[in-house]
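Once you've looked at the hints, go ahead and assemble the two chains, each given alone in its own frame, into the complex.
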Amino acid sequence: MSAPEIYPLATVPITSHAFSADRSQVAVSFNSEEAQILTRQGPEWIPIETLAEHDKVITSIDWAPKTNRIVTCSQDRNAYVWTETPNPVTGEIKWKPTLVLLRINRAATYVRWSPFEDKFAVASGARAIAICSFESDNDWWVAKHLKKPIRSTVLSVEWHPNNVLLAAGSADMKARVLSAYIKDVDKRPSGTVWGEKLPFNTLCGEYSSPNGGWVHSVGFSPSGDVLAFASHDSCVTIVYPGPTPSIFTVKMNSLPYVTLTWTAEDTLVAAGHDCHPMLFQADSSGWKAVGSLDDVTGSSKSASGFSSPSTPSFPGRSSTPVGRLNNEAFNRFRNADSRGTSGSAALQAGLGGGASGPDGELLTVHQNTITSVRPYDYAPDGTVAKVTTTGVDGKLVVWAVSATPGSLAGKLGSVHLRH
Amino acid sequence: MNNWRRIDIDAYDEDVVHETDLYDPDPRDPATVANDAKQKATQVRSLISRGDIPAALAAVLTDAPYGSQFEDAKNVSLSAVLLILNSTKSTDIPGIVKGLSQDEQDTLMKYLYKGMASQGTEVNGSVLLGWHEKLTEVAGTGCIVRVMTDRRTV
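Protein sequence lines, in the order shown, are assigned to chains A and B. Going by this note's numbering, the first sequence opens with residue 1, and the numbers climb by one from there. Going by this note's numbering, the second sequence opens with residue 420, and the numbers climb by one from there.
Keep in mind that the hints were calculated from the coordinates and are not lab data. Ideal Cβ placement from N, Cα and C applies to all residues, glycine included. Check each hint, because a few of them may be wrong.
To give a feel for the contact side, a few chain B residues facing chain A, derived at Cβ under 8 angstroms [to be verified]:
1) 436
2) 441
3) 442
4) 560
5) 569
If we strip away everything but chain B, and leave its shape as in the complex, we get (with noise of 0.2 angstroms):
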């Protein structure tokens, strides 16, 4: 492509619309949100190993780094959601999403969908699924449309 389309024409638009203001930023710094985020994700895995799967998903759920300056710290966070994910019994989840608050079932549902996005090993489709299928039935279609229209993307 030729040089113009390199330009950034949004630097010359007074009325541009940035990312920020389309949402809060997190105010944290990056530095201790990723701190927190591998100090969660140790405590996700002693939850795990203990059997406390609730626990642990409300341990990661709350105060999920949202935003595009924590790219680690989500990172970290995904893989501590999928890891209790796939340590779940699925005769378990009905109970354990029924148990969330309607904040965490959306932040959940946010990491499924950010899951089935990812292509990492340790991701199992069909896991996501039963989860999502889950996680639908008792949160409903208004759950799957606030993480469409969410900008504070996990």
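Chain A with its partners taken away, still in its complex shape (with noise of 0.2 angstroms):
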């Protein structure tokens, strides 16, 4: 198990991340309506470009890695498809945008290409996901709406291997399966598990989260056949369709995930609210969460008592257990009231948590929200090997995914680890 490669890439959040395809370069946006290029030089990330053209906040960020083209989408309604473009006079190559017609009267929340590269996904708050196709004979993109019977604001989406079908998390509380399939782009699919006939906007699911919470991510396995969904009930979701569907629900002791990515066929990674990445799995039994791919306990050998045996206690939780006051958090927030010091980024992360170290810091690796993680490199077998996630705490980190829960439940040793 290496350790995971941290750069601190800002102290603002990062709001999205997409890398290149050969991983030297990455797009991310820092919270602002604009998106930089950095590229990789040694153990630092250098900002070599930045793509400005909308004028609010980029909400999110995916780049093709097969036909090398980056889309963008912010709240100020538009998406923006870039692709690098040679100066005529200069001959020097530039990131040029190209607008998208959104046709949408909020803001787009989410984006991702298909698996062809040839459509993507736009989500939105206007109870709607655009489905962009490339018009060559006006040269520009077009917009379909899936718009039954979503009821909120879509969060996030993801696509079948297929090309076709598309996962939606929405604000209405819940999961759907929906078709996305365009006449003129897609071949006509042949059947899956979730439905053999496919027209546009076919409702082939839709899951309810299981106490309440909307839904913020979604995820197909590897090969399209099971569905994952993490909503704000602090709980992940996985659907095996079917007549009778089966469903397991993981329900967690800790904060909300926000994001998840499948890893391989049985595994997932979600990382949220509790500020590190977690690894489900499935065995015989069901689903479980089988450990944290931060190693909190290596970190907090100096914080006295963390995994004292009588207090449970786990991965990303102090001393202090929950429930009680913090009084680490509110010496800190006394101090910075009646003295005027001011506290780092664990300052407000410590808010959610309480789980801070002596020094102030969490325990974990990110220092606040993750918001955002994807797959970063594949084993041979095709499973993904690592995973990047980038956070509030302005953070990028590359962890490896332990497959193998013998040598994570090793690594987490005196840890309680229950859900």
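In structure tokens form, the structure reads like this:
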């Protein structure tokens, strides 16, 4: 188990990140209307280009690996497709934007390229998902809307590997699987476990969150036969479709997850307000959380009493049991108030988890909510070997995914892991 | 305020989200549920007198009435839960809380918050806070988050 690679990119939140195909560059947005392209130079990431065209905060970025195109979407209700174009005079290659006609009247929240990279889906607050495809006659991207039966803001989308089905997580407490079949782009898809006939806007599945939490994140398994979603009621739900779908719910003791990604057919990584990525795995008895990718026990050795046997504790939690007044945090705020001493980013983070160590830093690598987890590197057998996370603390972290619960259990050692 | 403030503008909105769209309502008949709640309250009293707190708690936390049409049953159930909470020795609380299933823990947390919000004479703030602390130690912040998001209020 190698240590995570940690890159503090900024002191401001990172709203979204997307790597280039060869992982030498990353597109990130620092909670502003501009996106940065960073390139790797030794242990650092150096900004080389700014994508400036939006006029409100960029909410999501995706980088198509095969066609090398970037798509960004923003609260300004627009999306742009960026392509590398040589300057006709100087020959210098720059990213040039093309406007997409989204026709939505609320902010765009999330964007993802389809697997074949000939379409992309833009989720929005307009109770709709815009499925965008390229119209070569007019040389622009046009959108077709998935509207029914969405009742609220769509927070995330994910494509099925067949390029036709789309999963969507929404603030109406439901995760859905819909058909985004576009006649001129797609070949007629063969039947899947989600359905046989799939005209545009077919609803193939609709699943409620177990305790009324809005659905933050959705994901298809690598085969596309299983759907997982994370909701704000601190639950991760895994759905195996069929005439009688079997649905597994893992209720967590921790704060909710806001992002997840599958790493193999029976494992996924979820992360969120708890500030550390958690590995979930299926076995014969169902799904469960097997451990954190963040070696919180190692970093917590300096924190006295962190894993004293009598007090229940779990990753990301400090010596202060949950439910008690966290004096550490309390004193920091009192000092900030009476003496005007300002805290680090951990101060704000400490609010949610109350899990600060002696110096006020969280015991986890990320010092605040993780907003995005994405696959980074693949093992020879096709499973995801590494994932990247970015969060509100401005850090980019590359994690090794350990799919063997044995080694994780050993690593976690004395930490109680309950779910 | 003027009259226009009293117009129910939602009635003119085709897309309006109703409360029933947010959760699946309890299919049971209000009268049956009210009866069940009363029977459970009696059962709870006899279990408490025998000192079997875990059984009393399990009885009242199973199929707890939720939703807007069961106000009577909900109040009866809350009284029953408060009776249990008030008659438990504080040293017994951690063991009892650990013995509950995850769903029962979530439901108990709902009653704790409902108890804190109500102002009846049977409400004892320090008792509720004691239970809340022990329950949070076992069920974590996730349990509290679930109470906050769940529209199926008890």
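These are the hints, each one checked on the structure:
1. Here the hint on residue 436 of chain B is kept, as its CB sits about 6 angstroms from the closest CB of chain A, short of 8 angstroms.
2. Satisfaction of the interface hint for residue 441 of chain B is found here, the shortest Cβ-Cβ separation to chain A being roughly 7 angstroms, below the 8 angstroms cut-off.
3. The interface hint given for residue 442 of chain B holds, since its Cβ lies 6 angstroms from the closest Cβ of chain A, which is under the 8 angstroms cut-off.
4. For residue 560 of chain B, the shortest C-beta to C-beta distance to chain A is roughly 5 angstroms, which falls under 8 angstroms, so the interface hint holds.
5. Of the supplied interface hints, the one on residue 569 of chain B holds, with its beta-carbon coming within about 4 angstroms of a beta-carbon of chain A, less than 8 angstroms.
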